[in-house]
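*Asks:* Below, each chain spelled out in residue letters.
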Amino acid sequence: MADADLSEAEKTFILHSVQDNFREDGRGNEDFRHLEVETGLISNTNGSARVRLANTDVLVGVKVQLTAVDPEKPEVGRLEFFIDCSANATPAFEGRGGEELGSEISAMLTRAYSCPSAVDFHSLCVLPGQQCWLLYIDVLVLECGGNLFDAVSIAVKAALFNLKIPNVTMTKDEGGVELDLSDDPFDFKRLNVSGAPVIVTVNKIGHKHVVDASEKEEECTLARIMLGVTEKGSITAMRKEGSGSLDSDSISEMMEVCKSS
Amino acid sequence: MAGMELLSDQGFRIDGRKPHELRRIRFKKGVFRQADGSAYLEQGNTKVLAAVYGPHEIRGSRGKALHDKLLINCQYSMATFSTQDRKRRPRGDRKAQEMTSHLKQTFDAVVMTELFPKVQLDIFVEVLQSDGGNYCASVNAATLALVDAGIPMKDYVIACSGSHMRDTPIVDMNHLEESSGGAEVIMAILPRCDQIVFLEMNSRLHEDHLSGVMDHVMVGCKDIFNVLNQQVQDELCQKTELDKIVTTG
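Protein chains in written order, with numbering that gives the first Met the number 0: chain X, 0 to 260; chain S, 0 to 248.
Everything labelled a hint here was simulated from the structure, so no lab data went into it. Backbone N, C-alpha and C fix where the C-beta goes; we use that ideal spot for every residue, glycine too. Take the hints with a grain of salt, since some may be wrong.
[Stated by the list, open to error] Just the calculated beta-carbon pair ranges, DEER-fashion:
no. : chain 1 : residue 1 : chain 2 : residue 2 : range
1   : S       : 56        : X       : 98        : 22 to 28 Å
2   : X       : 10        : S       : 59        : 27 to 33 Å
3   : S       : 67        : X       : 33        : 45 to 51 Å
4   : S       : 200       : X       : 25        : 55 to 61 Å
5   : X       : 205       : S       : 111       : 45 to 51 Å
[Stated by the list, open to error] Covered stretches of chain S (in silico footprint by chain X; criterion: 3 or more residues with CB under 8 Å from a CB of chain X, positions within the stretch not fixed):
no. : segment
6   : 29 to 43
7   : 72 to 81
8   : 120 to 126
[Claimed, not checked] Once the Cα atoms are required to be at most 27 Å apart in a straight line, the calculated BS3-like pairs of lysine-lysine come out as:
no. : chain 1 : residue 1 : chain 2 : residue 2
9   : S       : 103       : X       : 188
10  : X       : 163       : S       : 86
11  : S       : 103       : S       : 63
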C-alpha cells in the first residue's frame with residue numbers, strides 16, 4: 000500500500016525472526032497491535048466508528064434509508080458497502096488510484112456479511128413485501144499501516160453496534176400505508192451484531208503464519224488468507240491473495256490460527 | 000421551516016450566536032504519522048482533515064513540472080457520510096473540482112514556490128462532516144498542515160465566510176444559513192499583511208452593503224487567526240522547552 004522499501008537485509012531479518020516467533024516490534028506471531036475503537040463520532044450519520052490499529056486509521060459511517068424491498072427476498076433488509084481510500088493515506092490513492100483496493104475490500108465485506116446469520120436481516124424489514132431498511136455502510140480509509148482488512152471489518156462491526164435505527168410508525172390510509180420516521184433522538188432500536196463477522200488476515204512468511212502484519216511484514220509475505228470469522232467460530236468468507244502457493248496443510252493450520260484470534 | 004428565523008429580533012442566530020460570533024474552533028496538528036504534515040480542524044460541526052505530502056518528485060507526467068516554481072497539487076474530497084443526504088461520489092464531481100482549483104489558487108499565492116523548482120507538493124483535504132464553511136475550514140486546516148510539515152509560507156492563510164441578513168452583517172455561517180438563499184461572501188486573507196488571497200461571492204448583494212460585509216469578514220478572519228496562532232505558538236513553546244530540557248538536562 001504505502002511505500003515501504005525494504006532492503007534485502009531487512010527482509011531476511013524479518014523472515015528469520017518470524018521463524019523464531021519473534022517479530023520486528025517484539026510481538027509474538029499471534030499478537031495483535033494496540034487497538035483503539037471509538038464510536039458515535041459523526042452526528043450526521045445513524046452510526047459511526049473509528050478504529051486505530053497502530054498506524055492504520057479507518058472511519059466508518061452508517062446511514063439508513065427506507066427503500067423498496069428486493070423482490071427475491073421480500074422479508075429482509077439490505078446492506079451496501081462503499082469503501083473510499085482517501086488520498087491522505089498515501090498519495091498513490093489520489094483521484095481513482097484507490098478504487099481497486101476499495102472494490103476488493105468492499106467485495107470481501109459483502110461476501111462476509113451475505114451469510115443470513117451475520118446480521119438479523121429480518122429486523123431490518125419494515126413492511127414485509129414492500130419496505131425495508133437499506134444500510135449504507137461507508138468506509139473511509141485515512142491511513143494505511145498494514146492489516147487494512149482487519150481494521151476495516153472491526154470498524155464496520157463497531158459502527159453497526161453503534162447504529163441507531165429510528166422507529167417507524169405506520170398509519171393506514173385509503174391509498175396505502177404511510178410510514179413516519181420518528182424524529183425523537185431517543186426513540187430508536189439497535190441492531191444485534193453479535194453474529195457479525197470480523198475479517199482476520201493470516202500472512203505466510205517463510206514457513207510460519209503471522210497475524211496482524213505491519214507494512215514491512217506484508218512486503219515479505221508470500222501469500223495470505225483472509226477469513227471472515229464470527230464469534231461462534233463459523234467462517235463466512237474466505238479469500239487467498241498473493242503470488243505464493245499454499246498447500247492444504249498450511250491452509251488448515253492457518254484457519255485454526257484465524258479462529259483462535 | 001416555519002417559525003425559525005435566521006436572525007431573531009433579539010439579534011441571535013439559529014444556533015444562538017451573535018452576528019459577529021464565530022463557531023467553536025478546535026484543532027490538532029500532526030494526526031497522521033505517514034504524511035509529512037497533517038491537521039484536523041473543527042469549526043462548529045464542520046470537521047476537516049488535511050494532509051500534506053512533499054515536496055517530492057513529480058508523480059505521473061513529467062511534463063507538468065514547472066521549471067522555476069513548485070507545483071502544488073490539491074485534492075478536495077468529501078466523505079460520503081459528511082452531508083445530511085448521502086453523497087454518491089466523494090470526489091470528481093463539479094463542486095469538488097471547483098473547490099480543488101480554488102484551494103490550489105489560494106496556496107499558490109502563499110507558499111514560497113520559488114524555493115522548490117521542478118518538484119511537487121501534495122495537499123489533500125478530506126471533509127468528514129459538512130455543516131457550512133467547507134472551503135473556509137479546508138483552507139484553515141490546510142494552513143495548519145503546511146505549518147506542521149514545515150513548508151515555507153509568507154503568512155498563515157485564514158478564510159472566513161460572511162453574509163448580510165436583515166441589515167446586519169453576519170460571520171461564519173453554518174449550512175442552514177448558507178442554504179437560505181442570501182448572499183455569501185467568502186474571503187481568504189493573509190492576516191498579518193492584511194492581503195486578500197481569495198474572494199468569492201454568491202447570489203445578490205447590494206453594493207452599499209458589500210464593503211461592510213467584507214470588513215466584518217476580515218475581522219472574523221483575524222479572530223480565527225488569533226485562535227489558531229495562539230495554540231500553535233503555545234505548542235511550539237512547550238516543544239522547545241522540552242527540547243531544552245533534553246539537551247541541557
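*Asks:* Going straight from one Cα to the other, do residue 103 of chain S and residue 63 of chain S come out at no more than 27 Å?
*Replies:* With Cα atoms ~15 Å apart, residue 103 of chain S and residue 63 of chain S stay inside 27 Å; holds.
*Asks:* Taking 27 to 33 Å as the stated bounds, is the beta-carbon spacing between residue 10 of chain X and residue 59 of chain S within them?
*Replies:* Holds - the Cβ-Cβ distance for residue 10 of chain X and residue 59 of chain S, about 29 Å, lies within 27 to 33 Å.
*Asks:* Should the hint that residue 56 of chain S and residue 98 of chain X are 22 to 28 Å apart at their CB atoms be regarded as holding?
*Replies:* Cβ of residue 56 of chain S to Cβ of residue 98 of chain X: about 24 Å, so the range 22 to 28 Å holds.
*Asks:* Are 3 or more residues of the segment 72 to 81 of chain S near chain X, judged by a Cβ distance of less than 8 Å?
*Replies:* holds (count 7)
*Asks:* Sort out whether residue 86 of chain S lies within 27 Å of residue 163 of chain X, counting only the CA atoms.
*Replies:* The given pair, whose Cα atoms are some 20 Å apart, holds under the 27 Å limit.
*Asks:* Just to be sure I understand the hint, the distance between the Cβ atoms of residue 67 of chain S and residue 33 of chain X should be within 45 to 51 Å; is that true here?
*Replies:* The hint (45 to 51 Å, Cβ to Cβ) holds, given that residue 67 of chain S and residue 33 of chain X are roughly 46 Å apart.
*Asks:* Tell me if the straight-line CA distance from residue 103 of chain S to residue 188 of chain X falls inside 27 Å.
*Replies:* This hinted pair is violated, its Cα atoms lying about 45 Å apart.
*Asks:* Checking C-beta pairs, does the segment 29 to 43 of chain S have three or more residues closer than 8 Å to chain X?
*Replies:* It holds, with 5 qualifying residues against the three required.
*Asks:* So is the segment 120 to 126 of chain S in contact with chain X by the C-beta rule, three or more residues under 8 Å, or is the coverage claim wrong?
*Replies:* Result for this restraint: holds, n = 3.
*Asks:* Note whether the CB distance of residue 205 of chain X and residue 111 of chain S lies within 45 to 51 Å or breaks it.
*Replies:* 49 Å, holds
*Asks:* For residue 200 of chain S and residue 25 of chain X, compare the CB-CB distance with the range 55 to 61 Å and indicate the outcome.
*Replies:* 58 Å, holds
Of the hints listed earlier, the one the structure fails to meet is number 9.
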